[in-house]
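**Student:** The chain contents come next:
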Amino acid sequence: MVDAASTTATTGSGAYAEAQVSADALGRGEPAWLVRSREEAARAFAATPMPTPALRPWKYTELSGLDIESFAPDAAFAPLVIASVPTGGFAGSIAGALDDAAQAGAVEAAFGSVVQGTEGKFVAANAARWSGGVFVHALRGGVFATPVTVDVRAGGGAIFPRMLVIAEANSEVTIIVRNRSTAAPLLVAGVVEIVAAEGARVRLLLDGDWGAATDEFTTVRSRVGRNADVQVASLAIGGHMQKQHIEALIEGEGANSLIRGIALGDGDQHFDFVTLQDHMGAKSTSDVEIKSALAGASRSVYYGVTRVETTAKGAAANQQNRNLLLSDHAKADSDPVLEILTSDVIRCGHGATVGPVDGEALFYLQSRGLDRRSALKLLVAGFFASVLGDAAFAALADDMQERVERKLAVAAL
Amino acid sequence: MSKTSEPILEIRDLKVSITDKPAIQIIKGIDLMIRAGEVHTIMGPNGSGKSTLASTIAGSPVYTVDSGEIRYKGCDITHAKADERARDGVFLSFQYPTVIPGVTMVNFMREALKARRGAEVPAREFLGELRETLAQLKMGEEFARRYVNDGFSGGEKKRAEILQMGLLKPDLAILDETDSGLDVDALRTVAEGVNALRRPEMGILLITHYERILNYIHPDFVHILVAGRIVRSGDASLAQEIEAEGYDPILKALGLLEGAAAS
Chain W
1 MVDAASTTAT TGSGAYAEAQ VSADALGRGE PAWLVRSREE AARAFAATPM
51 PTPALRPWKY TELSGLDIES FAPDAAFAPL VIASVPTGGF AGSIAGALDD
101 AAQAGAVEAA FGSVVQGTEG KFVAANAARW SGGVFVHALR GGVFATPVTV
151 DVRAGGGAIF PRMLVIAEAN SEVTIIVRNR STAAPLLVAG VVEIVAAEGA
201 RVRLLLDGDW GAATDEFTTV RSRVGRNADV QVASLAIGGH MQKQHIEALI
251 EGEGANSLIR GIALGDGDQH FDFVTLQDHM GAKSTSDVEI KSALAGASRS
301 VYYGVTRVET TAKGAAANQQ NRNLLLSDHA KADSDPVLEI LTSDVIRCGH
351 GATVGPVDGE ALFYLQSRGL DRRSALKLLV AGFFASVLGD AAFAALADDM
401 QERVERKLAV AAL
Chain X
1 MSKTSEPILE IRDLKVSITD KPAIQIIKGI DLMIRAGEVH TIMGPNGSGK
51 STLASTIAGS PVYTVDSGEI RYKGCDITHA KADERARDGV FLSFQYPTVI
101 PGVTMVNFMR EALKARRGAE VPAREFLGEL RETLAQLKMG EEFARRYVND
151 GFSGGEKKRA EILQMGLLKP DLAILDETDS GLDVDALRTV AEGVNALRRP
201 EMGILLITHY ERILNYIHPD FVHILVAGRI VRSGDASLAQ EIEAEGYDPI
251 LKALGLLEGA AAS
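From first to last, the protein sequence lines stand for chains W and X.
Residue numbers 1 to 413, in the numbering used here, belong to the letters of the first sequence in order.
Residue numbers 1 to 263, in the numbering used here, belong to the letters of the second sequence in order.
Take these hints with a grain of salt, some might be off.
What the hints assert, rightly or not - Mimicking DSS-like on lysine-lysine, the simulated pairs with C-alpha atoms at most 30 Å apart in a straight line are:
#1 W:LYS331 / X:LYS169
#2 X:LYS15 / W:LYS331
#3 W:LYS407 / X:LYS81
#4 X:LYS169 / X:LYS114
#5 X:LYS81 / X:LYS138
Unchecked claim - Over 12 Å on every C-beta distance to chain W, these chain X residues come out as not near it, computed from the model:
#6 SER67
#7 ARG87
#8 VAL90
#9 LEU92
As the list claims (entries may be wrong) - Covered, in the sense of this in silico footprint (three residues per stretch, anywhere, with C-beta under 8 Å from a C-beta of chain X), are these stretches of chain W:
#10 310-322
#11 361-369
To be clear, the hints were calculated from the coordinates, so they are not data collected in a lab.
In this text, all values refer to a predicted model and were calculated from it rather than measured experimentally.
In this text, a Cβ means the ideal position worked out from N, Cα and C, and glycines have one as well.
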């Protein structure tokens, strides 16, 4: 579905133009601060060029054929939120929260405070055009007994998913986002902001099983307070392209950030993870592990930065990226970076590997009667085991193993 | 072990080189016949081609058959894939079993048994057979929950190989230096396991550097492999001769002992 009126991109016309963004926001009766935020983002969107490979996080991601404005926003897009909410908390649409006197102030205070609406092309598109935004709010000490599930189901065009999570002190919440779309061309530009106060525990699981013609660009950023623990796990299995920036601003003393990613590629799929572990708090900890297994002519890219600021004395960080090539045409680029600005760190490890399946292991399995595909399936399951077995993925683990297996049953190996 | 039993393995004038280095021929013409119920031992000094022969019979892609033929139960398997041979009942106990992180022994063995039988094996039946075989090898059940060969001691690796042999019930078992790296107690456990799991219809090719294991597994035939050729064949007394005198007299007789030629 191409919006013919929006094809004259550079002039900032069509659905992404400030005037249209403003009119649509007023039409929905949004508060003045939000209308202004959208207008500001629309101006940033018009002024910001598409990212090019000259920008380090975009080095291996070819976007020259992509014209955001040729995708008509699906204004009716809204995911289904299912939650059992503890007293005083909230899980539902941002629009609903803005109508709720007990929540509106919290949304206004935190929205856009973690990811500025002006900071990049896709983020600006989101901040200008988002719809169906989700707000999750756990009050001080509040515990969501069961995971909040966010079901995203999209058709063609463009959707701009938005989520704001506020976890007050010593609260706990787990959120599972299930991303699904049809086979129609779809552009997804998403933003997730997480604010975790002292001692809060937040778990976010992204289950990316998009349709074959979906290109996703998402930024997930958390602010992790004193002794808070934020875990983000992403499964990239569907879609044509998934590019996710998963970032943690580890501000509080003793704060912890954990990031896990699994990508299983086939055909011409492109999976691209960018991570940031920005340590500011003393004795803060972080751990990143991203694993990709790639069949067909699929591709994975990893670029991650571990930064330990001068204030982060006694910090400990680990960053690992492993890529398993299941075919001669698959490709992986990996670039973990350490920026250590204090000499007082406990440990800072990083590692990256790209390589084909171990021929000896393959022969070992085949010498026991497993055909090549069965042997590769077992090796991939073993490769993912360290991440799949992680508590961060616990809510999805069984279902994920099944889907990994189903995909490998037909993948070009 | 009757002279009239069916041949399990027949090797005729086999020549084998390294796939990546075709100029290097390791096996330079071997003939061998193993009948059901027989135990054949191949002994030889380091580098004589023992492991190459074992891997080639199992179908390792590391080696290429230049000429000759390998027949298994009457069929030419010279160019069959490793997994086809295994499903037909060829089993190689590896000298250095491969570590496969993240894959549990139990999952691996269930997949292997499914492949060997050509059908899904009901969980109860599988676990019953697994427990029984573990007990025969004096292995605890927790063993099955560990990742394949991951962190196994030398003895555990070899026992895990024999465990797989016991479950897969091959008709040809090639034991490649199953005795190496084992202390006396571990050697006895593994060898007794092999004996317990032997079946009359199975042929065994036992590859070893030392005579030690033959105290437990008694060979019907002993072949001495030197520089890619079987230079002598005999009965168990040949192994005792090697134990007593080493390989030097044989190498000297063949003019292959460089040090001896100079002295």
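**Student:** Starting from LYS169 of chain X, check that the Cα of LYS114 of chain X is at most 30 Å away, please.
**Tutor:** 13 Å, holds
**Student:** If I take the minimum Cβ distance from ARG87 of chain X to any residue of chain W, is it greater than 12 Å?
**Tutor:** Contrary to the label, ARG87 of chain X does not stay out of reach of chain W, its closest Cβ about 4 Å off (not over 12 Å).
**Student:** Under a C-beta cut-off of less than 8 Å, do 3 or more residues of the stretch 310-322 of chain W approach chain X closely enough to confirm the stated coverage?
**Tutor:** violated (count 0)
**Student:** Beyond 12 Å from chain W, beta-carbon-wise, is LEU92 of chain X?
**Tutor:** Check fails; 5 Å does not lie beyond 12 Å.
**Student:** Is the nearest Cβ of chain W still more than 12 Å from the Cβ of VAL90 of chain X?
**Tutor:** Given a closest Cβ separation of 8 Å, the condition is violated.
**Student:** Do the alpha carbons of LYS15 of chain X and LYS331 of chain W lie within 30 Å of each other, as the hint requires?
**Tutor:** 38 Å, violated
**Student:** Does SER67 of chain X sit more than 12 Å from chain W, CB to CB?
**Tutor:** 23 Å, holds
**Student:** Between the stretch 361-369 of chain W and chain X, are there enough contacts, at least three residues with CB-CB distance under 8 Å, for the coverage claim to hold?
**Tutor:** holds (count 8)
**Student:** Need the status of pair LYS331 of chain W, LYS169 of chain X: alpha-carbon distance at most 30 Å?
**Tutor:** Violated - the C-alpha atoms of LYS169 of chain X and LYS331 of chain W are around 41 Å apart, more than 30 Å.
**Student:** Under the criterion that the straight-line Cα-Cα distance not exceed 30 Å, is the pair LYS407 of chain W, LYS81 of chain X satisfied?
**Tutor:** Holds, at about 25 Å.
**Student:** Within a Cα-Cα threshold of 30 Å, do LYS81 of chain X and LYS138 of chain X meet the stated pairing?
**Tutor:** 33 Å, violated
Consistency with the previously given hints fails for numbers 1, 2, 5, 7, 8, 9, 10, ordered from lowest to highest.
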